[in-house]
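In the order they appear, the protein sequences are chains G and P.
Here the first sequence is numbered in numbering that gives the first Met the number 0, starting from 0 and rising by one per residue.
Here the second sequence is numbered in numbering that gives the first Met the number 0, starting from 0 and rising by one per residue.
Think of the hints as simulated: they come from the structure by calculation, not from any bench.
Don't take each hint at face value.
[Claimed, not checked] Negatives, chain P to chain G, calculated, CB over 12 Å:
hint, residue
1, R41
2, M44
3, G49
4, T93
[Said to hold, decoys possible] In silico lysine to any residue, SDA-like type, Cα no more than 25 Å apart, as pairs:
hint, chain 1, residue 1, chain 2, residue 2
5, G, K170, G, Q49
6, G, K170, P, R64
7, G, K170, P, A87
8, G, K170, P, L38
C-beta: ideal position from N, C-alpha, C; glycine also.
Chain residues, written in single-letter form:
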Amino acid sequence: METAAVSASEEIVWLGMRLVVPAGWEILRHSVRSQKGRLVLMDRRRQRLQLSWVRMPTAPALDRAMADYRSRDLEEKADRTFSPLPSVGRWRGFRRHDERAVLTRAGQYDARLERWVEMAVEWPEGLDAELEERILRGFGVEGEADGRRWRAFGLNVRTPPRWVLETADAKPADVTFTFREGRRAASIRRIGATEVWYEGNLEGFLRKEAAGMKVKVSAPKHNRHPACLGESRQTRSRLGEWLGLGRLQLDLVWLCPVAHAMFHVTTHARGAAVLPEQFVVRCCGRGGGER
Amino acid sequence: MSKQPALTRSDLLDAVPVRNQRVITEQQGGDRLVLRVPLRERWYMKPPLGWLMPFSRERRVALDRLGAAVWEACDGRRTTEEVVERFAGRYHLTFHEARISVEQFLRELVRRGLVVLAGRSRGGDQR
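Go ahead and model the full structure; you've got the sequences and the hints to work with.
Rendered as structure tokens:
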């Protein structure tokens with residue numbers, strides 16, 4: 000039973016928070032700021048879950064926060080009723096009932112992240128208490144000992160320590176996460192539907208992406224898939240080029256036939272290079288060294 | 000003429016895309032498809048203006064491989080949701096990735112009069 004439940008679920012890891020939702024629930028809106036933001040997930044037809052967070056150095060009064068929510072909900076619609084939410088982990092909250100749907104609203108404070116986290120789950124077709132518990136129990140906070148993991152939009156990445164997500168651009172079959180650490184930057188891209196556009200030439204793809212730059216190409220393996228590694232340097236002058244100055248760009252690109260997608264890791268740095276392999280990108284079960 | 004209310008996401012998923020019966024399809028080089036739609040004859044197409052300017056009697060719309068796949072899936076029986084599922088399965092996309100692409104494409108086909116969306120319901124979610 001447990002295996003079936005797990006296989007029908009999907010893990011999302013975002014800003015150090017881990018969420019387990021039914022497969023098919025996907026991110027509709029996202030924020031990349033750790034200070035304050037939200038993730039909104041929907042099933043095929045409607046919004047189902049909102050995870051919101053705000054940075055707080057100390058824990059708020061939980062009961063007070065929940066009471067505020069209840070009165071706000073009642074102000075919106077006076078005929079709403081509330082029932083207590085069974086205790087799940089550190090979540091505290093209530094269920095809100097009205098003629099339209101049931102809503103689970105819960106909150107908890109994480110001292111390590113210094114973050115107040117709220118979760119609201121909508122049940123338009125009636126409350127599924129088992130799923131509610133699974134979602135609440137599935138929430139967790141990731142450790143940061145060896146970098147931070149990100150898993151969303153079909154990308155599963157572990158960054159080196161101190162790298163911060165700057166942007167997450169999710170278009171259909173084309174997702175890019177951009178990370179930054181001081182003046183160093185990296186982007187991880189996943190391009191799907193390869194059978195439509197990919198012509199079978201990794202090196203050609205790389206040269207096209209690094210147009211206008213001199214590219215040295217080698218062909219290592221990555222995650223046991225054939226890969227292509229490109230090295231190019233952007234300089235303002237010929238002298239800079241001779242002296243090895245300028246910004247070093249490294250590109251690692253590979254095609255995963257299991258995920259039916261191309262993965263492209265680009266790093267930019269002045270001085271010491273940032274190796275694309277420092278970003279652990281899991282494309283399928285092969286290699287990647289990730290869970 | 001009153002403006003049609005916008006389709007909700009749920010309405011669109013429940014609707015059945017039906018091809019315009021007057022459209023003639025033409026396979027062109029592998030996966031490409033050309034749709035030929037006869038145009039209504041306007042006054043300016045008739046002689047004598049029509050002698051001076053040879054107006055085209057049909058509009059041609061070229062579809063790439065992805066567009067052709069959606070067009071072929073619109074058989075008048077499948078709902079948009081089923082078309083999206085089929086498209087997602089064929090190109091290994093998530094349902095939402097496929098939904099965005101298919102919905103956008105279908106709206107364009109509707110705008111060009113190549114497809115109508117039948118049987119849409121009025122209820123459902125408003126998003």
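Now for the hints, and whether the structure bears them out:
Interface exclusion of R41 (chain P) from chain G stands, the closest Cβ pair being 38 Å apart, more than 12 Å. Listed as outside the interface, M44 (chain P) is consistent with that label: its C-beta sits roughly 38 Å from the nearest C-beta of chain G, beyond the 12 Å cut-off. No beta-carbon of chain G comes within 12 Å of the beta-carbon of G49 (chain P); the shortest separation is about 41 Å. Non-interface call for T93 (chain P) relative to chain G: violated, since the shortest CB-CB distance, roughly 6 Å, does not exceed 12 Å.
For the given pair, K170 (chain G) sits about 20 Å from Q49 (chain G) by alpha-carbon distance, which is consistent with the 25 Å threshold. This hinted pair checks out: K170 (chain G) and R64 (chain P) have alpha carbons roughly 19 Å apart, not beyond 25 Å. A threshold of 25 Å between alpha carbons decides the hint, and for K170 (chain G) with A87 (chain P) the separation of about 15 Å falls inside it, so the pair holds. Proposed proximity of K170 (chain G) and L38 (chain P) is contradicted: the alpha carbons are some 35 Å apart, above 25 Å.
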